[in-house]
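**Q** All residue numbers for the sequence shown refer to the numbering used here, where the first residue is 1 and numbers rise by one.
These are calculated hints, taken from the structure and not from any lab test. Errors might be hidden in some of the hints.
Stated by the list, open to error - Computed spacing ranges between beta-carbons, pair by pair:
#	residue 1	residue 2	range
1	Ile19	Gly50	43 to 49 Å
2	Cys117	Glu15	42 to 48 Å
3	Tyr57	Ile98	42 to 48 Å
What the hints assert, rightly or not - Subject to a maximum C-alpha distance of 35 Å in a straight line, what follows is the list of computed DSBU-like cross-link-like pairs (lysine-lysine):
#	residue 1	residue 2
4	Lys92	Lys105
5	Lys22	Lys54
6	Lys54	Lys65
7	Lys22	Lys38
8	Lys54	Lys38
9	Lys105	Lys65
10	Lys22	Lys92
11	Lys92	Lys38
12	Lys105	Lys38
13	Lys92	Lys54
14	Lys92	Lys65
15	Lys38	Lys65
16	Lys105	Lys54
17	Lys22	Lys65
Please read these numbers as outputs of a predicted model, since none were measured by experiment. Each residue gets a CB set at the ideal place from its N, CA and C atoms; glycine is no exception.
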Amino acid sequence: MSDQDDEFQEEYTEEEWAIIDKQIFEGYLEGAEEGDAKSQYELGCLYSDGEIVKRSYINAMMWMKRAARQGYLPALEYLGRYFSHLCNQRPKYARARIWLKRAAKQGSLEALCGLVCLYLFGHGVAVDDLHVSDRESGLFCRLLGRLHPRASLRG
1 MSDQDDEFQE EYTEEEWAII DKQIFEGYLE GAEEGDAKSQ YELGCLYSDG EIVKRSYINA
61 MMWMKRAARQ GYLPALEYLG RYFSHLCNQR PKYARARIWL KRAAKQGSLE ALCGLVCLYL
121 FGHGVAVDDL HVSDRESGLF CRLLGRLHPR ASLRG
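Could you put the whole structure together from the sequences, leaning on the hints where they help?
**A** Spelled out as structure tokens, the structure:
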């Protein structure tokens, strides 16, 4: 942490930080309840991190899924990562694939890489089940095609 960060931290008391945290939470909650996808995503992050509110993976997933169902890209990517790398549980690759495919259709390179990894390692996908968009430069599609010529690469 730099000296500038220390100076910034000292500008607020613990009580003032608690008020700020409460305002942040309430602002996201209000937006999330009104259906704003970004607020739903941010609220999911707050519950997942557990810094401003008590950590709750149930609430985190509920808000993330609401944002993802609206097509909010960061939420789609988050869910893809989450289901690919579950801690203390067996990863749910089929679920990860669903969210990653939705994000890849929006042009997410992160999601496209995740799909390629699922395919390359045979996690939750059969050889002919991977269908990714070629909206990007085609680099990943060409790479995947070279490594697994039987893969179906259509939008």
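**Q** Against this structure, judge whether each hint is valid.
**A** Okay, the hints, checked on the actual structure:
1. Ile19 - Gly50: 43 to 49 Å: violated (19 Å)
2. Cys117 - Glu15: 42 to 48 Å: Once the Cβ atoms are compared, 46 Å apart, the range 42 to 48 Å for Glu15 and Cys117 holds.
3. Tyr57 - Ile98: 42 to 48 Å: violated (19 Å)
4. Lys92 - Lys105: holds (20 Å)
5. Lys22 - Lys54: holds (12 Å)
6. Lys54 - Lys65: Roughly 19 Å between the alpha carbons, so the hint for Lys54 and Lys65 holds.
7. Lys22 - Lys38: holds (18 Å)
8. Lys54 - Lys38: holds (20 Å)
9. Lys105 - Lys65: holds (17 Å)
10. Lys22 - Lys92: holds (34 Å)
11. Lys92 - Lys38: Since the Cα atoms of Lys92 and Lys38 sit roughly 25 Å apart, the hinted pair holds (cutoff 35 Å).
12. Lys105 - Lys38: Holds, at about 19 Å.
13. Lys92 - Lys54: holds (25 Å)
14. Lys92 - Lys65: holds (15 Å)
15. Lys38 - Lys65: holds (12 Å)
16. Lys105 - Lys54: holds (34 Å)
17. Lys22 - Lys65: This hinted pair holds, its Cα atoms lying about 23 Å apart.
Violated hints, in rising order: 1, 3; the structure is consistent with all others.
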